[in-house]
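Generate the whole structure from the sequences, applying the supplied hints.
The lines below spell out each chain.
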Amino acid sequence: MAWLITTLIVAPVVGAFLVGATRNYARRVALASNLITAIGAFLLWRSFDSTLPGLQLVERHSWIPAIGAEYLVGVDGLSLLLVILTSLVFPFALLAQSRPAGDRGFCALMLIMQAALYGTFTAQNFILWFLFYEMSLIPAFLLIKIWGGENRDRAATKFFLYTFLGSVAMLLAFLGIYFAKGTFDFAGLADLAKTGDLLTGNIKWLAFAGIFLGLSVKVPLFPFHTWLPDAYETAPTGVSMVLTGALSKMGVYGFIRLLLPLFPNEIKILGPWLLTLAVCSIVIAPLAAWAQSDLKRMVAYLSINHLGYCMLGLFAVTATVARPLVEMQAALSGVFMQIFNHGITAAALFYFVGLLEQRRGLRGLDDFGGLMQRAPLFCGWMSVAMFSSLGLPGLNGFIGEFLIFKGSFAIAASFTAVAVFGLLFTAIVFIRAMQALFSGPLVETGVAFADLGSNEKWVVVPVTLLMFAIGIVPQFLFSIFNSTVVQMARLFS
Amino acid sequence: MNSVAFLLIAIITLAGALAAAALPRLIHAALSLVVAFVGVAASFFLLGAEFVGLVQVFVYVGAVAVLIVFTILLTRREVTGERGINWGGAIVALAVFGGLLWTILKTKSLALPAPQIEPLTVKRIGEALMTNYVWPLQCVGLVLTAALIGALVLVMEEKREEK
Amino acid sequence: MDPTLQLFLIISTALFSIGLLAALSRRHAIFILIGIELMLAAANLNFIAFWRFGPPPQQPTGVLVAIFSIAIAAAEAAVGLALVIAIYRHYHTTSVDKLDHLKG
Amino acid sequence: MNSWIVSNLWLIPAMPLAFSLIILTLANSRRAGAAGLAIAGQVIAFVLSLVAFLSTLQTPGFRAVHNFTWFTFGDQALRLGWVLDPLAAAMMIMITLVGLCIFVFSIGYMAGDKNFTRFFAYLSFFSGAMLGVVIANSLLLLFVSWELVGLASYLLIGFWIDRPSAAAAAKKAFITTRIGDLGFFLGTLWLYHNSGTLLFYDQGRGCLEEAGLLAIGGSATFIALLIFCGAVGKSGQFPLHVWLPDAMEGPTPVSALIHAATMVAAGVFLIARVYPLFSLGAVNGVTPSLTVVVSVGVVTALMASLIALAQFDIKRILAYSTVSQLGLMMVSLGVGGVAAGIMHLIAHGFFKALLFLGAGSVIHGLHHEQDIRKMGGLRWILPVTFLTYAIGMMNLSGVPFFFSGGWTKEEVLHAAGHWPVSRLPYYLMLAGVILTALYMTRQIIYVFFGSARNTDVQSVRPAVFDSVEAATTTENISVGGTGHRPVFHAHESPPVMTMPLIVLALCSILFVLVLTPAWPWLHAYLNGEPARVDFGSLIQPMLFLSLALVAGGIGLGWLIYRRIRETDPLARAQPGLFRFLENKMWFDEFYEQTVITFSRILARLADWLDRYFWDGLVRLFAGIGQAFGVLSKGFDDHGINAGVDETMSGTRGFGRLIAAAHSGQIQTYLGAIAIGMLLLLVLYAWLG
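Residue numbers (my numbering), protein chains in the order written: chain W, 76 to 568; chain S, -5 to 157; chain P, 19 to 122; chain G, 12 to 699.
For the record, the hints were derived by calculation from the structure and aren't laboratory data.
Accuracy of the hints is not assured; some may be wrong.
30 Å max Cα-Cα, derived DSS-like pairs, lysine-lysine [to be verified]:
no., chain 1, residue 1, chain 2, residue 2
1, G, K125, W, K532
2, S, K102, W, K279
3, G, K125, G, K385
Incomplete in silico selection of chain P near chain G, CB under 10 Å [to be verified]:
no., residue
4, L25
5, I28
6, A32
7, R44
8, R45
9, A61
10, N64
11, I103
12, A104
Each residue gets a CB set at the ideal place from its N, CA and C atoms; glycine is no exception.
Below, the structure written as structure tokens:
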């Protein structure tokens, strides 16, 4: 079944070409392609032996031996989790996006981006990984630039420049590492890093800074986040969903795969500062969200906050001195859960905001009121997504956050104690939004507000059920990555 | 290798290049460029790459310079008042020169004399082109063809619109 | 005293900088092309010089790269000059100051 | 049967929860179905609770746990479980019984509401979540249910969603309790870290058992205090009590459910459940954490009873009395009287639900009038309500002998009197007893005695609910005003509402049987001891003391409030003090001015920093690129001006600046490339 991963990467590309070739069935072809990838992801999950650590279903071909590039793809628990997430988020996003002008191009670009994401999450060689990483950037840029809302040019340029500068820095850093060590293989580099520094002298810090910058921009980690609210606000609904649901995970994934294993000592030296950045993401982002009146911008800021939890967990695991293995496992499991949950939940939130925008062309907090009287279903399901995002037990968000906090509290108690305020501010932001949108007297915009239609229910209900499922019986997700967590905890310790 | 010849060639090359870059009249600049190219070709000869030197003369002096002159003639109607030298560019160029010079002088290992080598025959070049470098050769051929067609299209297209 | 590699490199650096100067500070499009050609020539000089001063027995790599580079440069010159002509026809100017259609 | 109920204890919370989900899917018109399902769920839970209760009777101190693995992370397992012990069983009986009464009452009270079905779904959900809190054998499961209780209260308080005040109150409740929950959460994490498990009882390995407590050691005080934060939030203790009175915006049955049986009880229950943590390392039964609990309890109790003296909303008075009673329970727990505290909690559950439902009946009868100044003379119009309300009032005031509240309060005072640290809480509690009697007398006089002061029925808000209209036409009782007062329409509630009142009143009286010192069965049951009959201990000096105090309080109240005029007697005597109390000691205003304003400013600041400072840094970076563009344009005046202008114009200028750097000038680009190359070169030389 080794060809399965390649199939996953190739299928969307083929789909994109087919979309380009058809005239009227772009949407259907895109969805069909997503059906294939979904089946592929499911097969991948089935054929993945979750009891084994390490890479599975590896496919390896020599590509450009001169520069150490090879086609090396494989999945471990983390990669598989992200592949599944991507397979879920993309059809969801395609269904959510109302047909824009130039639907063909839209679908094709989305599919290209999907292929790039599959590649990013499965590639195990830096050159290949970087190729896919960059490949996702260009469709994202175009999607914002062409189909975005107000200020799209500025937001797209900002997005592109930020992430591109970050990528260039990262590429240079990796070239430095390559010249020193002569390999681009993730696992090989991680092994080398365990025995000693990859690089020496100043260049070590330079390489660290380059990779750190590139990944921090992508995540984004405070204070490299200012592109995100603009980009998410402007992007069309489907693209926002993908950006937050899948694309932002590339940064976290990069941290787990690249930065943390390759620079253990540097991370430890900078430990408190990195933790401070993560805590800032957690606390400041929801505060900023509080001050937003645009719903989409608000959700975007909360997205920063949620990824901040991931970074807190990761830095706690790697950037501190005394680390019991149990707590590391807890934090890592929490981070993995959070990656998945945030993908689902934030995408759902953007979807709901998109529905508001689609119905009324507005998405200000003050533009609506009393919607509960007209559209109870809409409000109910949207509340579920919001509660999931604020970490209500019984829904998916809680599990990840609890484990992250459990792990990082034991390791870095003071930072975690401050980070807990993020939970409070998130709650305030969401409760305030719910109050503004759903309750109170009905305002004019809500008078003929249509409740969820049957098409929309088909999108909402499965996703919400998934949230409940993860919140109540999360074992099925944990099973995917438990052995990877054990292995990684050993790697980091 | 003769240091007198080297000095001479260097002076000719740099003087020609400087003139090509700085002379106000385009046609003068183009002719100075020819001088600079010849100087470069001469230094190729000096370095023992006679074939490359010949190619340099044929291609640059014979083709590119002539092309430039033709272009100048074709676009001659314009009277552009050159507003003197752009100091920003000059500063940048000087900075780059300084940086590179500093690096070269700093790297002591570069101060090595030329080793004795057997002369590079055209036969050897030909063999290499047809064996190891056959794919690049094909590619270059393709590029040249494409460039030729592209140049033609670029020049022709406008005519069609004019009609 | 025979010239060393360093001397050739200095000459090529000077040539390159003069090319850069032409490309940066002149307004006529053809000057920019001339500058680029000078820079390419400098690069070729480097190739040949490094080849010549490399440890024997030398592979003819440097020479071959120089040949390819000259070929590419010729193609570039042809296309560039064609562009200049086309632009001139279209805008009736060859001054790059006035060509800012790349502006975002 | 015994082992069956232990391993299937989860059914007790699951039943109401499941029924709640089913009801949610029902259409709005299926009223009977919704109410039926909710009550069925509650009845099943009650019966199962009874079964569970019976099985705890086998041995004193019965405790059975059922633990299971929720999920595994890495190679660790996270285990949850439920526990059946006297504490849980007693609480379950109370919650399901009181809940059942409230559910039945709601059928009448909410009859006209258009979201009737949703209301029952929420109620059912609330009840299920609370039962989850009670049976949890893991701090995590407790926390989960705890948060669900919070969610349910949020939904119920804001049930009348079109009222902005209700939505605001719901928001306030959720956020205020969540502040406390942050502490709880941290405490949970800390506990988990130290003891390695969150299970309370796990065959000797649980965190409340020997080994676990040993592992916790010195940090127990901090953990206990953090967990106490959660209880402070949920149980409306000072300084997080502000949400509780506002929560009266919800429908009255909700107030009854929240303030009597469930949500507020959760805090007290939590302390009782993790009591070993609080008392770890106790000298003479005193630990720093318990002292904090006592202090907070005392402050809360006194403060709330004082505020209650000056309120005019019938439900707010009860709300403050709840806050004060919860303070009392906290004191009881803090001084070591765990059983006393829980007994009072259970008794309070019955009589406070009774009082709230009675208030609901009054409000219902008066077309949703809640201001006690507009009531009066209702004792003949609402006889059943009056009688049951009076019983509730006696309970709350602590009249001994026939009323359970009296006996449990006795127990609490007894415990407080024996606290080795200080007698101060005891004396303050005695003062609290007088105050309680006083404000309850005031309320009952305002509402039921005197003459009808409701001057004109037209001014009453137009009835929202159809059924109220119907009720008005069919069974209203016209009361001739005394003298110049016009007629107003009030009516006794239908049996579906009065029956629960009677049941609750009976419960609160019959409950005495197991409370008295003569046969302190409940006390013994909770403490896990066999109960002994001893009539001799019935008569204690303390009993007379408190009897005197209660009588004094009621008598004083009667003297003061006997003649009700336009203004409150206290307001006449001490207008400044009265205003201070009437405005709830300006807590809301204080918080508004400090905490809330401060966090708003923080939010603005964060937003501003984001837009200008961090973005500005980036702009600065971009500006370097632009500087080159300016340079290459020969320091063109226009270029510099434009650049400076764009930098100065504080708008989100990043894009524009970037655009300015992208002058479209090919030479600028080329120059930038050259500079970049040069920088790389220098960098390389520096490194190598």
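- request: Enumerate the violated hints, using their earlier numbering and listing them in ascending order.
  value: Violated hints (numbers, rising): 4, 5, 6, 9, 10, 11 and 12; every other hint is consistent with the structure.
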